[in-house]
Structures are given as C-alpha cells and as structure tokens.
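As they're listed, the protein sequences go chains A and B. Here the first sequence stands for residues 1 to 91, numbered as in this note's numbering. Here the second sequence stands for residues 1 to 459, numbered as in this note's numbering.
These are computed hints drawn from the structure, not numbers from a lab. There are no misleading hints in this set.
Result set (EDC-like, lysine to aspartate or glutamate): computed pairs, CA atoms no more than 20 Å apart in a straight line: (1) 91/A x 355/B; (2) 91/A x 333/B; (3) 89/A x 355/B; (4) 91/A x 325/B; (5) 362/B x 377/B; (6) 23/A x 365/B; (7) 89/A x 361/B; (8) 91/A x 361/B; (9) 91/A x 335/B; (10) 89/A x 325/B; (11) 23/A x 361/B; (12) 457/B x 328/B; (13) 23/A x 367/B; (14) 91/A x 328/B; (15) 91/A x 322/B; (16) 254/B x 19/A; (17) 89/A x 335/B; (18) 24/B x 19/A; (19) 91/A x 365/B; (20) 89/A x 365/B; (21) 89/A x 333/B; (22) 89/A x 328/B; (23) 91/A x 357/B; (24) 89/A x 322/B; (25) 28/B x 19/A; (26) 89/A x 357/B; (27) 254/B x 367/B.
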Amino acid sequence: MDFVSQLTLFVLAIFLGVELITKVPPTLHTPLMSGTNAISGITLVGALLAAGHGAGLLINVLGFIAVVLATINVIGGFMVTNRMLAMFKRK
Amino acid sequence: MQISQNWIDIAYLVASVLFVLGIKGLTKPKTAVRGNLLAATGMGIAAVITLLHHSIVSYEVIIAGLLIGGAIGAVLAIKVQMTSMPQLIALLNGFGGGASVALAAAEYFQGASGTIALSATGLAVLIGTVTLTGSLVAFGKLQELLDGGSIGFPGMKFVNFLLFVGSLAAIVYMVINPGNDMVFWGLVIAAALLGLLLVLPIGGADMPVVIALLNSYSGIAASAAGFVMGNSALIITGSLVGASGLILTQIMCKAMNRSLTNVLFGVMAEGGETIDADEIYQGKVKSSSPDEVAMILETAQRVVIVPGFGLAMAQAQHAVRDLADTIEARGAEVEYAIHPVAGRMPGHMNVLLAEAEVSYDKLKDMDTINPTFEQTDVVIVIGANDVTNPMAREDKGSPIYGMPILNVDKARTVVVVKRSLSPGFAGLPNPLFAKDNTLMLFGDGKQAILDITTALKEG
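Can you build the whole structure from these sequences, using the hints too?
Put into structure tokens, the structure is as follows:
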C-alpha cells in the first residue's frame, strides 16, 4: 500500500474516532480505556508475522516479545472490559 | 492452507469494522457488553487469518507467545480489583507501547528500507518506548511502589528537551544513513529515559491525564507500526485508539482547568497570596458524630453522595451502597455526583460504584447534578476534596480558580467524611469545611459510613 493511501486511512480513522468517542458517556470511560487497550492489541497480527517468519534468532525473539505483549493486551483487555461492563446494571 | 493477500486485507477490513461497531456499542451501557464481544470477534478474525499468511513458516514461537501472553492477560483480568483498575490500564498501555516497539524493531532488523518505512520505524520506537517506560512509572506511582508526589531534579526539563531532540536526530540519521544499529539502540535508550523522566514529576491527582495520554500514545505507536508494515488494520485501529486517548485527555484537562503542557511539566498555577489554613478553619469547623448525621438523614428527602479517590482507598463502595439503600428504604431519593477527575482515571468512580451494584442511572455527571444541589437536603462527601472547593468558584487569587467544581455548598447540609483537615492534591485549605452548613465527620471513610448506616437503622 502506498504512503498516500496509508495517510488517508490514518487521517479518516482519526476523524471517525473523534466522532465515535465523543458519544461515549463518562460513566463508561474506564471500560472504554480497557477496551481500546484490547483493540490496540491488533499489533498481534504484525507480531504473528514477525514471530513465524523464521528470519533469524533476533527477529524471532522480538516477534515472541511482541506476541506475548500484544496477547496480554488482547486477552486481558477484552476480559477485564467484559467483567466491568457486566457490572453496569440498571435497577 | 495459504490464502492470497487480498483475502487477508478483506479480513482486516472486517476486523476494523467490528472494532468501530464495538466502540459504537460502548456509547450506551445497554449495548456495551455486545460491543465488546463484537470487537473481540474482530480481533479473533484478524488473528486467525494472519496465521494463514504464507510467510509464516513455523508455529512454535507463536504458540508459546500466545499461551504465555494469554495466561498473563487472563490472570490480570480476573484477579484485578476494581479499585486497582488504574494500575491495570497503566500496565496495558505500557504493554501496547512495548508490543509496537518490538514489532518495529523486528521490521527494522529484517531490513526495512525507504524513507517512509524508516521514519515510521523511528517514530514507532520513540513513541512506543516512551509509552512503555512512562506507563511503568505511572504503574509504580499508582501501586505506591514509587513516591506518589512529584519526583524531579533541577534542570530536568532541559534534560528532557535534549533527549527529545536527540531522539529526533537519531531518527533523521537512521533515515539518511540506514544500517547503523548503534543509532537504533541509542534511540531506544534515549526514548526509554525520556518516558521515565516525563512521568516521574507528575503527581497523584494528575494521573487521570497521564493515563489517558499514554493510552493515546499506545494507539499512535500501533499506528506508526502499521505504517512500517503497510498494514491497514494497524493504521486504522491505532488511530481510533489514539483519538480516544486524546479526547479523554482533553476532557480531563478541562475538568481541572489546566492546559496539557501545564500538567505535563508538573506546574500548578501560582497562587496570589499564601492562604493560611488556620485562618479559614479557626473556630468554624464543626465536628459531628455518626448519630448526629443519621438524625439529619432521617428527615432528608434528597441526598447526594460525592465520591472521591478516598472512597477507593478505603474500599468503601459497598458500605456506601448499603447506606444509600437504607436511606432509600425510608423513602428519600439518593443520587451520586461524579466529578470527571474524581479518582485516578476517567470513569474510576463509576466502575467502583457499578461493582457495588449501584444502578448506573443514579451516577450523575457534574453538569447534570450541579443545578440540583439547591434542592438537596444532605450531601455526603466521601474521600473528595479539591473538586468541592468553593475557592475555585469565588477566589480569583486561588491557584484552582476557574476549575469546574461540584457546588455541594449550595445544599442544605454538607457532611464531609475525612480523616483530618489535611489539604488535597492542590495543597489548598478548603473553605467548604468551615461553612455554617458543613459538618465534618472525622475518621476512616468505610467505618464512618458503616456507623451512620447502623445509627440510621436503629434510629
């Protein structure tokens, strides 16, 4: 993908993010943060490629570290968000 | 099985759409759980499809990483107490930054080339490393492993400036003269130091801003890593997260009436004249007892509870809910007033009270609740201080003048549950404590609330 299309995606996604996030009520700001931690674990897809590449020890080690850290964010982030959101009830 | 790059990119698009729908779900408590599941599904799709990529030749390292990371993540998510949620978010921000750095480094050592890929690598390393070490310091402060106040030395800002300019110079050098690994590691070290030094001087009550900002950085680092790899999923998701963190940062700054630079460089506005606490409090502070508070509550029609960080410290959320139930059982109305910066991260108090099974529609934000204080019989302030300080509204010489506060002093009676008259983070005396309609109930927050509840039930 060329740089300009990448930049286009980046800029449009920021505007979309701003539109979306301003609608999240303050009461859900903590789950919002843990939820965004979880989705920023999307670095996992890059990490998987690096770790499985077989391009030498250093790359594998870096890939392994990236997989571990990104997986902590994905699993930890989604689970703790789910745990918190399940508590928000209306009586 | 191997699939073409097109299918992989389409799967990433599906994942990105699910993330957007997931965040959209978070705009209402009712749809939030489903939103989170949608986002998790998107992540699952992206990960599984990536595993089918033709460049993956071995799975041992991947499986080991997934198992270890998954186990750590699950344990953290299950074990963490709601009061410690800011620490967990700080850690996750840091890990997010760390993952982006490791990823950018892996790309670099696989021979990334070209101006754009190398600049993006440099930026991913710089922002990701600052996020990693900065978040670890924030974690240390929140967990009280480090001094919660401001830690610094003379000339710190100048050192930070040098580290920042040095990092940028290293990136430029990397782009112009690629292939020098020492420059790469130099960048990592400079950025690591910069992250440490940026967060060390920031004190406790400014933590909500720092956590929100590091949240944003972790997203921007992921996005930069996406530019390195030419991966649309990373670019889109990273910028969504970056925007989210920035908005939260802005909300937090506004709620403290401070600019971002002002928070980052650890300076409070200068006070006009020094304010003598004794002069304000002398002979005017009325100390109360749980029985007296219970007596006042017996005739109250409307009660508002104002929680602050002290509520989390005392683990008093369940005791507060019990008290609210007892008051409601007598026919009165109870609501909660949540200041945006109450606690140590955005929404901290809401999560604590949700844990104690307080219905979310009783948690009111500042703008909604402020006009109602005049019709409120009793306000119970527990563990909050600066966010109720009327000086912010009335005293033009005060360092906190202009900060939006909860106008609790407009209520008929204010009960402040607090250990002592010690000042809050702003270091200022609070004239609220000396007002005619204020009663101080000194003691441990949780015990005081339990005592009021007992007295109210017996009375």
